[in-house]
Amino acid sequence: MASFMRQSSLLRQTCLSAFRQPLVTKNVTGVSQVVAFHASAKKQILPPPQQVIQGTMNDPAPIPESHPSEGSYHWTFERIVSVGLIPLTIAPFAAGSLNPVMDAVLCSLLVVHSHVGFQASIIDYFPERRVPKTRTSMNWLLRAMTLTTAVGLYEFETNDVGLTEAIRRVWKA
Amino acid sequence: MISQKVAQQSLRRLAVQQPYAMRWSMMNAASPAAIAIGRNVQTRQAATSANTEDPTKILARQRLNRPVSPHLTIYQPQITWFGSGFNRITGVALSGTLYLYATAYLASPLLGWHLESASMVAAFAALPVAAKILLKGTLAFPFTYHCMNGLRHLGWDLCLGITNQQVIKTGWAVVGLSTISAIALALL
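Read top to bottom, the protein sequences are chains G and W.
The opening residue of the first sequence carries number 1 in my numbering; numbering runs sequentially from there.
The opening residue of the second sequence carries number 1 in my numbering; numbering runs sequentially from there.
Bound-form chain G, shown alone (with noise of 0.2 Å):
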């Protein structure tokens, strides 16, 4: 009974292969025109990399822990900082330069936008999947440098006249 069924099923797939035939077109050589999408050569930019299973083949994709400086609190928080360089961006065109404080603040956001930026940028570009030493280093060296650039920043505020009085200055010049 089951092998009489699988034959009936058969037999209906070869009758709808012959109506389907004739519309696959085929030049001289014979070749499909159906696939002439693919017909340029294969230039991958990023080759898949090695495949690897992890557990058995089923497995769910793992839900990462929740973390509060991640997701939507870590992404209000950019906003935040966003929102305010707006008036610190704007001030020093207006008044020439600013007040040693807020130039400080400045500095301040300035440095947690960036490493914010950096962090995505580093996020997108060294997948953890292709490149996970790179991406390690990577976060790393981006940690080092925000520690030093924090403290050259601190440095040129006290020792310094300021970003915004310099970049005026050099302007000017």
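If you're looking for bench data, these hints aren't it; they were derived computationally from the structure.
A virtual CB, placed ideally from N, CA and C, is assigned to each residue, including glycine.
Hints are supplied without guarantee of correctness; some may be wrong.
[What the hints assert, rightly or not] Just a few of them, taken from the derived set where beta-carbon distance is under 8 Å, the chain W residues facing chain G: (1) Ala60; (2) Val68; (3) Leu154.
With chain G held as given, fit chain W onto it using these hints.
Here is chain W on its own, set in the frame of chain G:
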């Protein structure tokens, strides 16, 4: 078709006349009575293939044959995604300048460099006018573009101007305004 009818009819006849025979043959399961009198025969299918390869390896190999999603180069250059990409490029350039300068300023006493504002001003003042304008413009354009495009991004976060036409219009507006203001700043 005729053979199908014949088979169907004979199966119906069998089902009506000998229901137990029908059930045993169809379900391939012995009834309790058959087991009690020892009339059941267990049949077990032997494995048809001698494939002992790790199935996870097969899946991994099949995944390598999947097409790779196309890269940016296949898309038509449009202001919507060019503007977005340029926003990141300008941001990285500006922040990179800040990071490199501040880190170099921190290390300058060790390296003997003079990066304090007074020597920067003196060095800049010594440049010819064309170089001054070029340098100012190179710094001013990423700044104006990133600031103005940043306002667009904050607007999108509030669901303002997110239709395709609006994104195209504001995109070109930002390109125009940032270019004009960068030229103005360069000539300042």
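How the hints compare with the structure:
no.: 1; hint: Ala60; verdict: holds (4 Å)
no.: 2; hint: Val68; verdict: holds (5 Å)
no.: 3; hint: Leu154; verdict: holds (6 Å)
Comparing the model with each numbered hint stated earlier shows that all of them hold.
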